[in-house]
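Colleague: The lines below spell out each chain.
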Amino acid sequence: MTSRALIVSTLLLIPSLAFGAWNLEGKSKITFHADGPAGFAIDGSSKEFSVSETPESMVFSVPVTAVTTGIELRDEHMHNYAEAESFPTVTLTIPKDQLTFPAEGQKKSAGIAQGTFNMHGVDKPAKVKYAMKAEKVGVSWVAAFSFNTEAHGIVVPDYMGVTVDPAMSAQAKFTTVPAE
Amino acid sequence: MLKRLTALAVMLLGLLLTPSDAQAYAWSVNHGYTTCASCHADPSGGGLVTEYGRAQGEIFIRTPWEERGSEWEPGKAADFAFGAVDLPEWLITGATIRGGAARLDTPSTDPSVFPIVMQADLRAQVTVGKVRAYGSLGALPTGSAEEARVLRNDTVNLYSREHWLGVDVTGDLVVRAGRMALPYGNRILEHNAWARTSTRTDINADQQDGINAHYGKGDWRAEVMGIAGNLQLSPAGYRERGYSGLVEYSIGPKLVVGASSLLTVAELDIQTLDQRTRQAHGLQVRSSPVHGLAILGEGHLLVDSSNGSAPSLGSTGWIQADYEIFQGLHVAAAGEWLQQEVGTSLGGWGSATWFFAPKTDLRVDYIHRQNATSSGRTPSHMVLGQLHFSL
Amino acid sequence: MLWILSGAALASGSYPGVVAQELTVDSPSCAVCHDGATTFGTVTTPFGASLLDAGLEASNEDSLIAALATLESEGTDSDGDGVGDIDELLDGTDPNGTGSEVEAPAYGCVGSTRPGGPLAGATLLAMLAGVLLRRRG
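Protein chains in written order, with our numbering: chain A, 1 to 180; chain B, 1 to 391; chain C, 1 to 137.
Derived by calculation from the structure, the hints in this document are not laboratory data. Do not take every clue at face value.
[As the list claims (entries may be wrong)] Here are the simulated DSS-like cross-link-like pairs (lysine-lysine), alpha carbons at most 30 angstroms apart as the crow flies:
id, chain 1, residue 1, chain 2, residue 2
1, A, Lys173, A, Lys96
2, A, Lys173, A, Lys107
3, B, Lys217, A, Lys124
4, A, Lys47, A, Lys124
5, A, Lys173, B, Lys217
6, A, Lys108, A, Lys129
7, A, Lys96, A, Lys129
8, A, Lys47, A, Lys27
9, A, Lys47, B, Lys217
10, A, Lys29, B, Lys217
11, A, Lys47, A, Lys127
12, A, Lys96, A, Lys127
13, A, Lys133, A, Lys108
14, B, Lys217, A, Lys127
15, A, Lys107, A, Lys133
16, B, Lys217, A, Lys129
17, A, Lys96, A, Lys133
18, A, Lys173, A, Lys124
Looking at chain A on its own, in the form it has when it is part of the complex (with noise of 0.2 angstroms):
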């Protein structure tokens, strides 16, 4: 399937794509995975999400201060880590062409799209693997993907002699229905 046809068949199924904005509903489900050593392991999440569109791409960004693990000072020093102060969202775009969206008649898709992670103010490559359902308003996704937080120009983590690997993966559940 062309990308040309994969764009038709999403505008047939979701007339919001048509570069308007989407909405989330219900619950979004934002987290972040880093391991430690001997097991050690943080996991981490955003209340904040977003989705948006460009005539090319979709858009999702997460405000780096909206990441949580659960202790504060942990929090305070990872958006040091990640300086949220200059680089306050982190956002990952993935071209319209690298996604297959539930065709007619189908209730699910999924695939391996290659899109592009932004952190830190450095942008990356990023395999993302995702799978959508259609519902009966709007689309539901699931996508992960890893990434490297050392590429992204951000010292690895060392809190007191315990360090973070910085071979990372995010993961994301959430709902988009067309904007009003």
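Since the structure of chain A is provided, determine the placement of chains B and C on it from the hints.
Modeller: For chains B and C alone, kept in the frame of chain A given last:
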């Protein structure tokens, strides 16, 4: 006869409530800590706390009385001896004292209150490259932590619960040799819970010598130990040989499930004076289904045989709900059982712990047990208060 | 803190240790009083029963000391093998008669500072303490 049994059982309870190795807070799963290696020198938790672990004690364990702005850091309160001694990077050390009083009450004995010294330990770990040397040394009243004793004479009773040499083969794999706690079940602070005493896996004095490998990576953690016996126990025929191990998987940031297995053989069991094979196999879980609440549970099958006779089966288990009312103040309720040939004993615990100051906590427990005897169940009640301070 | 440490001498959850201290022997095995696992309802050995008959009470070290003295003065021989219970404990044999040939278990070094073996941990800690003190100096 029943009075005799009860009286001696009370003695036993007293023994079980003697020293406790502390700082094994399995409820930390409530704060997203599904593993222990970052906070403890022992990768399965308990004992000496790392510099990072000390900081966490200030960050999320004790009640914060001060304003904690964006620039707040744990500071000297988290340091060894409150920063009075500047430790080199290759050394972590700590001292801890835990003491208190208990009151016992049974149908056939008058309630009695007695003081208990549970801990007076100095612990340290030296790291040179990938090699670590860990040791603990304590002084306790005679008769306490017998299994860990290294020296007793007329004036002193010294004991060492743990001493081992370890190699960090990789960041994920640690191999140790020496005396250490057995990897089995949840490493809970309530060392006299039946799930610990009946499997001989408590962190008070049930450590054994052997070779241990701990692997932790991502969501998986596994630990296995070849047991050579408690080398502080002689003659050698009393020592248990075998293995103990566990494997755990973090299903999410606040849910860990695992399985444990143990088998030991002793030529002359310390309790039965028979040739004895003990087995325990079970499952454990640590979870935090809602913020502030931690659930710790485990259940084990016990298989016991003496002198080659047909094995007898039993079981034991523990389930505890710990709720953090506000940071530093925990209340907990627990239930336990121990099923043996004589019958099934049941127990219930109510506990409150307040980490009210740096490195200091106050704990009160009420323990009610229905102890199985050949003539039915006999109740016992215990109230235990303890103050714990570490440096 | 002092009251905690001073409480050590009063601790009553340490009956094996009291026996050890009173008789200057190793702490006796659990099996001296317990028949089977050291859990409730297993104190059925002849020696345990003799102690109870001699006035042993729970959590009362004085009663244990008195009961031991009674057994000694009365020459109680719970297993009827011709050797009194206290003498058997002093000799390191079993006052229940089930294993007189069995050497009693012992933990650590008793009454000496034998080098090596179990003292390795203590030595390590002493070395570390030395390092700390030197740094402070």
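Colleague: Does each hint fit the structure? Answer for all of them.
Modeller: Going down the list of hints, with the structure as the test:
1. A:Lys173 - A:Lys96: holds (18 angstroms)
2. A:Lys173 - A:Lys107: holds (17 angstroms)
3. B:Lys217 - A:Lys124: holds (26 angstroms)
4. A:Lys47 - A:Lys124: holds (24 angstroms)
5. A:Lys173 - B:Lys217: holds (25 angstroms)
6. A:Lys108 - A:Lys129: Between A:Lys108 and A:Lys129 the Cα gap is close to 14 angstroms, so the pair holds against 30 angstroms.
7. A:Lys96 - A:Lys129: holds (14 angstroms)
8. A:Lys47 - A:Lys27: holds (9 angstroms)
9. A:Lys47 - B:Lys217: holds (28 angstroms)
10. A:Lys29 - B:Lys217: Between A:Lys29 and B:Lys217 the Cα gap is close to 25 angstroms, so the pair holds against 30 angstroms.
11. A:Lys47 - A:Lys127: holds (23 angstroms)
12. A:Lys96 - A:Lys127: holds (14 angstroms)
13. A:Lys133 - A:Lys108: holds (4 angstroms)
14. B:Lys217 - A:Lys127: holds (23 angstroms)
15. A:Lys107 - A:Lys133: Since the Cα atoms of A:Lys107 and A:Lys133 sit roughly 6 angstroms apart, the hinted pair holds (cutoff 30 angstroms).
16. B:Lys217 - A:Lys129: holds (23 angstroms)
17. A:Lys96 - A:Lys133: Measuring from Cα to Cα gives roughly 16 angstroms; hence the hint holds.
18. A:Lys173 - A:Lys124: Holds. A:Lys173 to A:Lys124 sits at ~22 angstroms (cutoff 30 angstroms).
Violation of the numbered hints given earlier is absent; every hint is satisfied by the structure.
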